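Visitor: In case you want the letters, here they are:
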Amino acid sequence: MWYELMKDKVLHSIADALRLTEVKDGMTLSFHHHLRNGDYVLNLVLAAAQKLGLKELTINASAIFDCHLPLLDLIRDGTVTGLECNYCGALVGKALSSGLLAKPVIFRSHGGRPADLARGSARIDVAFVAAPTADSQGNLSGKYGRSACGSLGYAFSDVQYAGRVVAVTDNLVPYPLADFSLSETDVDYVVEVERIGDPAGIVSGTTRVTRDPVGLLMADMAAEAIKASGLLRDGFSFQTGAGGASLAVAYAVEKIMLAEDIHGSFASGGITSKLVEMQHKGCFESLLDVQCFDLEAVRSLRENPAHREISASQYASPLAASAVVDSLDTVILGATEIDLDFNVNVHTNSQGLIMGGSGGHSDTAAGAKLAIIIAPLMRARLPLIVDRVQTISTPGQTIDLLVTQYGIAVNPLRPELADRLREAGLKVMSIAELKQLAERICGVPKALKNENRVIAEVLYRDGSVIDTIRQVD
Amino acid sequence: MKIIKKASAGTLESSDVLVTVQPADILKLELESPVLAQYGEQIEETVRTVLADLGVKTGLIMLQDQGALDCTIRARLETAVRRGAEQEV
Chain V
61 MWYELMKDKV
71 LHSIADALRL
81 TEVKDGMTLS
91 FHHHLRNGDY
101 VLNLVLAAAQ
111 KLGLKELTIN
121 ASAIFDCHLP
131 LLDLIRDGTV
141 TGLECNYCGA
151 LVGKALSSGL
161 LAKPVIFRSH
171 GGRPADLARG
181 SARIDVAFVA
191 APTADSQGNL
201 SGKYGRSACG
211 SLGYAFSDVQ
221 YAGRVVAVTD
231 NLVPYPLADF
241 SLSETDVDYV
251 VEVERIGDPA
261 GIVSGTTRVT
271 RDPVGLLMAD
281 MAAEAIKASG
291 LLRDGFSFQT
301 GAGGASLAVA
311 YAVEKIMLAE
321 DIHGSFASGG
331 ITSKLVEMQH
341 KGCFESLLDV
351 QCFDLEAVRS
361 LRENPAHREI
371 SASQYASPLA
381 ASAVVDSLDT
391 VILGATEIDL
401 DFNVNVHTNS
411 QGLIMGGSGG
421 HSDTAAGAKL
431 AIIIAPLMRA
441 RLPLIVDRVQ
451 TISTPGQTID
461 LLVTQYGIAV
471 NPLRPELADR
481 LREAGLKVMS
491 IAELKQLAER
501 ICGVPKALKN
511 ENRVIAEVLY
521 RDGSVIDTIR
531 QVD
Chain W
5 MKIIKKASAG
15 TLESSDVLVT
25 VQPADILKLE
35 LESPVLAQYG
45 EQIEETVRTV
55 LADLGVKTGL
65 IMLQDQGALD
75 CTIRARLETA
85 VRRGAEQEV
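If you read the sequences in order, they're chains V and W. Just add 60 to wherever you are in the first sequence, counting from 1, and you've got the working numbering. Just add 4 to wherever you are in the second sequence, counting from 1, and you've got the working numbering.
Next comes chain V alone, as it looks inside the complex (with noise of 0.2 Å):
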């Protein structure tokens, strides 16, 4: 029939996305990281690139998980060349460590990446979006279907900035997919494929928060300290993990605010069951969603009015006329190192390995009023406090507080909070003197020197380069 000439998006395998959006041999791909470690999609569309012949590809992947070890025997004959990416599981990255691609990993921030898209500075010829349900003609949702993962926030800025867009969908629905977060507009094609990942690595069921003892006394120090720092108000906003002491300090900081009585304004970033029920017991007017860490938020987000999702620009973007990070009272991050300098690595472990990366560190650390370390003094008789750490993910000026279970460091830059803290009767003392008191439980630790071929680079998020990672035999 005459109307059946109506233009389809609909293609049925990779190999005629990758043909009829022309990629050829040196392009880079994109993918974004919310079906987290159980994503195929990257696996789908590197193994297509791979049987087509092509050669030398860059991936930009919003983050790297264990699941893409596939990605090692695409670099080592040849097809992928070039990798860039805000985070690195260790699995992979133990590999890049070696000294597997030729030319250095490019490492950003949440925030670093869309600015580095915005300004040209990056460029992604060809974005492959996993979306969770698609429409035929490519309005995207990550809220529905069997692989559900909330948020694509990060998917955004491939969308809007990538020459081609080619959606991957194991849930197609008939046209119009009314909640939509990507729409038609920005997508060429819609591939339909068996399973775009594993439910069981894309979301956990729920968060669970530790019970390791040393992690909850963090914790509560830590509750104590933004509740000393005066942020605690009406209007106050947070954003904390999902791991161990992170998601620890979200319970402390609950009890305080539901026991006072405080009312405030949202918590942002990636958003676990812990914060959707401080939301809805209100102590966050609302949340701010650039990713779903399990099937709760997957929940709220979709049911849920007040709980909105957001971009990686509006996340975290410097080049943003305003980013939701610039709003944040206060934010808990982790540290694999700090130094005296209160620089923060979580990109290397201590043999020098990749194994982590930015993701949003540096840069909620850049925009929150109160950024907070926590950190154990000492992990496997190793301490947490070096003189210098071995990659600098986040700058020092940017971090306000340490806090371990001995006692809590305040950035010599920020006087007035040290002083508040003492009046509310915490235990401050200097970071050296942390130091110096992990180091007589677990001896002086050797200083590795590493004069190794360089193998990554960190970009911070106004794109200069912060620091270099070296091969390691």
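Derived by calculation from the structure, the hints in this document are not laboratory data. In this text the structure is predicted, and so the values were computed from the model without any measurement. If a hint is listed, it holds; no wrong ones were tucked in.
The list that follows gives simulated cross-link-like pairs (lysine-lysine, BS3-like), each with its CA atoms no further than 30 Å apart:
(1) V:K341 / V:K315
(2) V:K506 / W:K32
(3) V:K115 / V:K84
(4) V:K509 / V:K154
(5) V:K509 / W:K32
(6) W:K61 / W:K10
(7) V:K506 / W:K61
(8) V:K111 / V:K154
(9) V:K69 / V:K115
Some chain V residues well away from chain W (every beta-carbon gap over 10 Å; in silico):
(10) L80
(11) A107
(12) K163
Backbone N, C-alpha and C define an ideal beta-carbon position, used for all residues, glycine too.
Once you have looked at the hints, place chain W on chain V.
Guide: For chain W alone, coordinates are given in the frame of chain V:
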């Protein structure tokens, strides 16, 4: 003290060390540790001191370290040696 049979003490939990000792004609140390680069020399010195204090001159001494503190290493090693020498701990 002489190691006359295979014995062990400790666990493979983080911050602990599993020490295994067994009879041998010479004294031999085998050390695995995630903090080998930072603390390898200190750990070896601790082990040699403990063995000397106990009068152990021969044996195969294996440490599967998980980042144990010095005091832990000393306690686990002494216990393993005493078990291997069939002495009351």
